[in-house]
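There are 2 protein chains.
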Amino acid sequence: MNKNEVAKVVIVGGGLVGALNACFMAKRGYDVYIFEKREDIRKADEAQGKSINLALSHRGRKALKFIGLEEEILNNAVPMKGRLLHDLNGYKKSVPYDPVFKKCIYSIGRNFLNGKLLEAAEKYRNVKIYFKYKLINIGLSEGRVSFLNVEKNETVEFQADLIIGADGAFSKIRRFMETTPLFEYSQTYIEHGYLELCIPKEQSHLMKSNHLHIWPRGEFMMIALPNKDNSWTVTLFMPFKMFESIKTEADLLNFFSKTFSDSIELIGSKELITDYFKKKPSSLISVKCSPYHYKNKFLLLGDAAHAIVPFYGQGMNAGFEDCTILDNILNENKDNFKLSLQNYSIKRKANTYAISDLAMYNYVEMRDLVTRPSYSLRNLLDSLLFRFFCNTWIPLYNSVSFSEMDYLKCVENRKWQDKVIQVVIAVLGIILGIFLYYYLL
Amino acid sequence: MNKNEVAKVVIVGGGLVGALNACFMAKRGYDVYIFEKREDIRKADEAQGKSINLALSHRGRKALKFIGLEEEILNNAVPMKGRLLHDLNGYKKSVPYDPVFKKCIYSIGRNFLNGKLLEAAEKYRNVKIYFKYKLINIGLSEGRVSFLNVEKNETVEFQADLIIGADGAFSKIRRFMETTPLFEYSQTYIEHGYLELCIPKEQSHLMKSNHLHIWPRGEFMMIALPNKDNSWTVTLFMPFKMFESIKTEADLLNFFSKTFSDSIELIGSKELITDYFKKKPSSLISVKCSPYHYKNKFLLLGDAAHAIVPFYGQGMNAGFEDCTILDNILNENKDNFKLSLQNYSIKRKANTYAISDLAMYNYVEMRDLVTRPSYSLRNLLDSLLFRFFCNTWIPLYNSVSFSEMDYLKCVENRKWQDKVIQVVIAVLGIILGIFLYYYLL
Numbered sequence: 001m002n003k004n005e006v007a008k009v010v011i012v013g014g015g016l017v018g019a020l021n022a023c024f025m026a027k028r029g030y031d032v033y034i035f036e037k038r039e040d041i042r043k044a045d046e047a048q049g050k051s052i053n054l055a056l057s058h059r060g061r062k063a064l065k066f067i068g069l070e071e072e073i074l075n076n077a078v079p080m081k082g083r084l085l086h087d088l089n090g091y092k093k094s095v096p097y098d099p100v101f102k103k104c105i106y107s108i109g110r111n112f113l114n115g116k117l118l119e120a121a122e123k124y125r126n127v128k129i130y131f132k133y134k135l136i137n138i139g140l141s142e143g144r145v146s147f148l149n150v151e152k153n154e155t156v157e158f159q160a161d162l163i164i165g166a167d168g169a170f171s172k173i174r175r176f177m178e179t180t181p182l183f184e185y186s187q188t189y190i191e192h193g194y195l196e197l198c199i200p201k202e203q204s205h206l207m208k209s210n211h212l213h214i215w216p217r218g219e220f221m222m223i224a225l226p227n228k229d230n231s232w233t234v235t236l237f238m239p240f241k242m243f244e245s246i247k248t249e250a251d252l253l254n255f256f257s258k259t260f261s262d263s264i265e266l267i268g269s270k271e272l273i274t275d276y277f278k279k280k281p282s283s284l285i286s287v288k289c290s291p292y293h294y295k296n297k298f299l300l301l302g303d304a305a306h307a308i309v310p311f312y313g314q315g316m317n318a319g320f321e322d323c324t325i326l327d328n329i330l331n332e333n334k335d336n337f338k339l340s341l342q343n344y345s346i347k348r349k350a351n352t353y354a355i356s357d358l359a360m361y362n363y364v365e366m367r368d369l370v371t372r373p374s375y376s377l378r379n380l381l382d383s384l385l386f387r388f389f390c391n392t393w394i395p396l397y398n399s400v401s402f403s404e405m406d407y408l409k410c411v412e413n414r415k416w417q418d419k420v421i422q423v424v425i426a427v428l429g430i431i432l433g434i435f436l437y438y439y440l441l
Numbered sequence: 001m002n003k004n005e006v007a008k009v010v011i012v013g014g015g016l017v018g019a020l021n022a023c024f025m026a027k028r029g030y031d032v033y034i035f036e037k038r039e040d041i042r043k044a045d046e047a048q049g050k051s052i053n054l055a056l057s058h059r060g061r062k063a064l065k066f067i068g069l070e071e072e073i074l075n076n077a078v079p080m081k082g083r084l085l086h087d088l089n090g091y092k093k094s095v096p097y098d099p100v101f102k103k104c105i106y107s108i109g110r111n112f113l114n115g116k117l118l119e120a121a122e123k124y125r126n127v128k129i130y131f132k133y134k135l136i137n138i139g140l141s142e143g144r145v146s147f148l149n150v151e152k153n154e155t156v157e158f159q160a161d162l163i164i165g166a167d168g169a170f171s172k173i174r175r176f177m178e179t180t181p182l183f184e185y186s187q188t189y190i191e192h193g194y195l196e197l198c199i200p201k202e203q204s205h206l207m208k209s210n211h212l213h214i215w216p217r218g219e220f221m222m223i224a225l226p227n228k229d230n231s232w233t234v235t236l237f238m239p240f241k242m243f244e245s246i247k248t249e250a251d252l253l254n255f256f257s258k259t260f261s262d263s264i265e266l267i268g269s270k271e272l273i274t275d276y277f278k279k280k281p282s283s284l285i286s287v288k289c290s291p292y293h294y295k296n297k298f299l300l301l302g303d304a305a306h307a308i309v310p311f312y313g314q315g316m317n318a319g320f321e322d323c324t325i326l327d328n329i330l331n332e333n334k335d336n337f338k339l340s341l342q343n344y345s346i347k348r349k350a351n352t353y354a355i356s357d358l359a360m361y362n363y364v365e366m367r368d369l370v371t372r373p374s375y376s377l378r379n380l381l382d383s384l385l386f387r388f389f390c391n392t393w394i395p396l397y398n399s400v401s402f403s404e405m406d407y408l409k410c411v412e413n414r415k416w417q418d419k420v421i422q423v424v425i426a427v428l429g430i431i432l433g434i435f436l437y438y439y440l441l
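Listed in order, the protein sequences are those of chains D and B. Yeah, the first sequence ends on 441 if you go by UniProt numbering, and it's all consecutive. Yeah, the second sequence ends on 441 if you go by UniProt numbering, and it's all consecutive.
Treat the hints as calculated values from the structure; they're not laboratory data. Some hints could be false.
As the list claims (entries may be wrong) - With a straight-line Cα cutoff of 16 Å, these simulated EDC-like cross-link-like pairs (lysine to aspartate or glutamate) come out:
| id | chain 1 | residue 1 | chain 2 | residue 2 |
| --- | --- | --- | --- | --- |
| 1 | B | Lys288 | D | Glu184 |
| 2 | D | Lys288 | B | Glu184 |
| 3 | B | Lys172 | D | Glu178 |
| 4 | D | Lys172 | B | Glu178 |
| 5 | D | Lys288 | B | Glu178 |
| 6 | B | Lys62 | B | Glu72 |
| 7 | B | Lys288 | D | Glu178 |
To be verified - Interface residues of chain B toward chain D, partial, derived using beta-carbon atoms under 7 Å:
| id | residue |
| --- | --- |
| 8 | Glu71 |
| 9 | Asn75 |
| 10 | Tyr185 |
| 11 | Ser186 |
| 12 | Gln187 |
| 13 | Thr188 |
| 14 | Tyr189 |
Claimed, not checked - Okay, the calculated beta carbon distance ranges per label pair:
| id | chain 1 | residue 1 | chain 2 | residue 2 | range |
| --- | --- | --- | --- | --- | --- |
| 15 | D | Ile425 | B | Thr180 | 46 to 56 Å |
| 16 | D | Ser146 | B | Thr180 | 39 to 49 Å |
| 17 | D | Gln422 | B | Glu412 | 41 to 51 Å |
| 18 | D | Thr179 | B | Lys62 | 30 to 40 Å |
| 19 | D | Leu339 | B | Val100 | 51 to 61 Å |
| 20 | D | Val423 | B | Lys93 | 45 to 55 Å |
| 21 | D | Ser283 | B | Leu206 | 53 to 63 Å |
| 22 | B | Val424 | D | Gln422 | 50 to 60 Å |
| 23 | B | Gly218 | D | Ile425 | 36 to 46 Å |
| 24 | B | Lys62 | D | Leu252 | 26 to 36 Å |
| 25 | D | Val427 | B | Val100 | 49 to 59 Å |
| 26 | B | Asp357 | D | Ser146 | 53 to 63 Å |
| 27 | B | Lys334 | D | Lys338 | 21 to 31 Å |
| 28 | D | Ser146 | B | Thr274 | 36 to 46 Å |
Virtual Cβ for every residue (Gly too), placed ideally from N, Cα, C.
Input sequences plus hints: build the corresponding full structure.
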């Protein structure tokens with residue numbers, strides 16, 4: 001590319017990260033072409049097999065702010081200030097995410113957000129979006145991509161200076177990169193699947209607002225996120241084996257009345273039966289790979305680079321942060337793609353691996369640990385220390401959700417905090433021992 | 001398939017495991033079709049990018065014996081009774097693999113063995129081998145495979161009752177299976193590459209025969225395996241960065257005279273320079289996946305299922321053992337493919353994962369630990385205990401190389417042996433302490 005030529009960027013995938021990244025790239029002055037295999041989501045009837053609402057937090061907000069969309073999105077989202085835990089007896093307990101600064105995460109509809117992002121991208125003169133264009137081939141060495149227009153059954157070939165794979169957890173671009181030398185790759189599925197149910201807006205008065213509701217049951221759990229129309233999207237996470245063991249309507253009602261009894265009234269038993277047996281549970285994939293780029297031509301962003309399990313609410317936020325970080329690196333390297341892509345892969349790997357592991361860990365926290373006294377005690381201690389040393393003692397959840405601290409740093413922070421607490425407990429134990437010794441003898 | 005019909009088995013890949021498995025399947029009475037993308041290796045000039053000799057041990061021998069080929073292969077192999085360690089000063093030390101029963105591993109040429117296996121397969125009337133047939137497509141649900149005859153440029157489609165992917169570390173069959181639900185997959189490359197050199201037969205008198213020679217240098221190493229014609233195949237394993245840092249002939253000779261000084265005379269400095277700069281170092285991939293089958297139609301064997309790093313000399317042996325185990329499971333399940341494939345995946349996964357991890361660990365042992373006194377001491381202790389309790393205390397190397405114990409069991413054995421030794425050392429320490437206390441006071 002000559003210095004005076006405008007870089008041509010192809011983005012494969014017009015989902016959340018693809019559409020957002022198009023805005024970032026357009027702001028840089030590049031010519032951007034989005035190819036999306038599905039129809040325009042704004043014209044589609046229903047979400048396609050993906051969880052229909054998401055938790056937006058700091059990293060995501062920052063990227064939206066950059067393209068001037070934060071306010072509009074927040075106005076259409078529902079703030080969640082904490083978890084609301086439902087126990088077996090229907091007793092509820094609120095656990096705020098940030099007792100000190102009262103920060104919230106925001107429940108937002110996937111399709112709404114995607115639509116807004118496409119709308120924002122379209123506003124740039126230098127962005128073109130092609131729907132129903134399916135990627136069929138890649139020339140890795142030449143930086144060439146071929147698409148099939150599924151409507152006209154025509155093939156288009158496209159050459160670009162930069163090809164961005166924002167084509168999701170089952171990324172085709174990544175599949176091509178898998179065969180390149182020294183490409184690290186792993187895909188794992190957890191043994192749990194998920195199924196979506198619904199609490200209609202008519203029952204909304206029974207649900208404490210502005211919370212992410214959780215029914216933690218040790219080996220499995222159910223959660224509910226609020227929608228703007230006052231309905232709630234409920235997601236049941238369980239081992240596939242448990243799903244399979246529920247075969248009849250009676251099995252289902254029996255299981256729910258034993259484990260989620262207070263939810264039957266909320267969902268409605270008829271609707272529960274219909275929704276439960278309508279679909280098979282979906283699986284949850286976790287993908288790690290490295291590097292994210294191939295030569296100075298290809299780059300993976302979002303789920304294509306690091307699909308993670310949804311339990312930290314960071315999948316979308318990490319993907320949006322990818323866009324921010326890439327933009328910074330392009331600034332630092334004055335739009336030199338070769339250097340930028342190399343730096344991006346190096347900088348991003350450890351952090352996305354860290355959030356991937358954290359997301360796995362958080363499933364155990366959400367479905368099990370939250371119910372334990374040790375968890376509440378630690379939470380209390382974290383909040384206290386955070387209140388007094390808000391620049392030093394940042395609890396893990398805060399640093400992940402309400403800051404832009406490197407994910408790896410968040411994990412490392414937690415490690416030294418754990419150590420400090422262990423030492424303090426040991427010292428307190430010794431003092432108590434000495435005290436008892438003198439007092440009792 | 002009706003009970004009276006003969007099962008049609010397609011084997012993709014006519015390498016070591018594919019050809020061997022064809023013999024196993026033919027012995028069962030199935031109609032077997034091997035499709036190999038390369039030309040007949042017996043007509044080819046040179047090995048193609050793979051290490052040219054291999055270490056055959058018990059598991060591989062057992063499979064060869066089953067098809068009546070063990071004796072012929074051993075007659076054409078060179079026994080290696082132990083490692084011969086070369087230190088920096090050229091001082092050599094022999095460390096036998098099995099000081100008690102004197103068992104050996106056998107160095108065998110890859111191409112020779114492959115040729116013999118193809119020959120053996122061809123002797124069965126119900127085996128047909130097609131060379132230069134490249135797999136181009138798979139119908140996973142229908143059990144269909146399409147090949148391109150690269151000579152005639154013709155496409156052939158084939159339907160089979162069972163399709164075996166014995167198509168190596170970069171298996172195409174596995175790539176198709178990767179997209180099936182819940183398929184676990186990981187590929188990693190170690191940071192070390194390898195390069196092959198040669199000690200000509202004229203220098204053979206300087207090499208102690210019947211050993212696997214090692215030049216262990218901590219972070220890297222060089223090894224030499226004997227060939228039947230008295231030459232030795234030398235393999236240099238080093239971090240890619242080290243390979244890259246050697247840019248000129250002077251760099252190379254300087255490096256060799258510092259680290260492998262006694263080898264320069266053996267290889268010849270001119271030949272060293274030619275061979276070193278002729279090729280780029282090759283990479284080493286490690287692949288894990290699960291399950292190994294898809295429905296009752298597809299099955300991965302050998303490197304396609306579990307490519308491992310070469311440091312335990314178990315890659316081929318594990319692949320050959322796959323054939324033995326599959327055969328046993330087909331017997332147990334009376335040729336019911338559905339049950340057999342399911343059982344095979346369950347039975348084999350933990351064991352191949354175990355040998356994969358062991359092979360990674362053994363690189364550290366070969367290049368570094370072997371030089372330490374603690375290693376020699378442990379070796380001595382293991383041999384002593386093995387001599388007295390040969391059914392109970394089987395050292396790790398013995399169980400892996402000279403038995404058919406499940407790989408996982410080998411690892412577990414090693415773990416309890418480690419614990420016993422730790423306890424014994426602790427007890428001895430205490431006794432010594434008590435003794436010194438009474439003696440000195």
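Going through the hints against the structure:
1. B:Lys288 x D:Glu184: Satisfied, since the Cα-Cα distance of roughly 12 Å is no more than 16 Å.
2. D:Lys288 x B:Glu184: Holds: Lys288 (chain D) and Glu184 (chain B) sit about 12 Å apart, inside 16 Å.
3. B:Lys172 x D:Glu178: Holds, at roughly 12 Å.
4. D:Lys172 x B:Glu178: holds (12 Å)
5. D:Lys288 x B:Glu178: holds (14 Å)
6. B:Lys62 x B:Glu72: Between Lys62 (chain B) and Glu72 (chain B) the Cα gap is close to 13 Å, so the pair holds against 16 Å.
7. B:Lys288 x D:Glu178: holds (14 Å)
8. Glu71: violated (40 Å)
9. Asn75: violated (39 Å)
10. Tyr185: At 5 Å from the nearest chain D Cβ, Tyr185 (chain B) passes the 7 Å test, so the hint holds.
11. Ser186: The hint holds - Ser186 (chain B) has a Cβ within 7 Å of chain D, the shortest such distance being about 4 Å.
12. Gln187: holds (5 Å)
13. Thr188: With a minimum Cβ separation of about 5 Å from chain D (threshold 7 Å), the hint on Thr188 (chain B) holds.
14. Tyr189: holds (5 Å)
15. D:Ile425 x B:Thr180: 46 to 56 Å: With Cβ atoms ~48 Å apart, the hint holds.
16. D:Ser146 x B:Thr180: 39 to 49 Å: violated (25 Å)
17. D:Gln422 x B:Glu412: 41 to 51 Å: violated (32 Å)
18. D:Thr179 x B:Lys62: 30 to 40 Å: Because 34 Å falls inside the window, the suggested range holds.
19. D:Leu339 x B:Val100: 51 to 61 Å: About 59 Å separates the Cβ atoms of Leu339 (chain D) and Val100 (chain B), which means 51 to 61 Å holds.
20. D:Val423 x B:Lys93: 45 to 55 Å: Since the Cβ atoms of Val423 (chain D) and Lys93 (chain B) sit about 47 Å apart, the hinted range of 45 to 55 Å holds.
21. D:Ser283 x B:Leu206: 53 to 63 Å: holds (60 Å)
22. B:Val424 x D:Gln422: 50 to 60 Å: violated (32 Å)
23. B:Gly218 x D:Ile425: 36 to 46 Å: 41 Å Cβ-Cβ, so the 36 to 46 Å window holds.
24. B:Lys62 x D:Leu252: 26 to 36 Å: This hint is violated: roughly 51 Å between Cβ atoms.
25. D:Val427 x B:Val100: 49 to 59 Å: For Val100 (chain B) against Val427 (chain D), whose Cβ atoms are near 54 Å apart, the range 49 to 59 Å holds.
26. B:Asp357 x D:Ser146: 53 to 63 Å: Violated, at about 41 Å.
27. B:Lys334 x D:Lys338: 21 to 31 Å: violated (60 Å)
28. D:Ser146 x B:Thr274: 36 to 46 Å: Taking Cβ atoms as reference, Ser146 (chain D) and Thr274 (chain B) lie about 43 Å apart, which means the hint holds.
Hint check: violations occur at hints 8, 9, 16, 17, 22, 24, 26 and 27; the rest are consistent with the structure.
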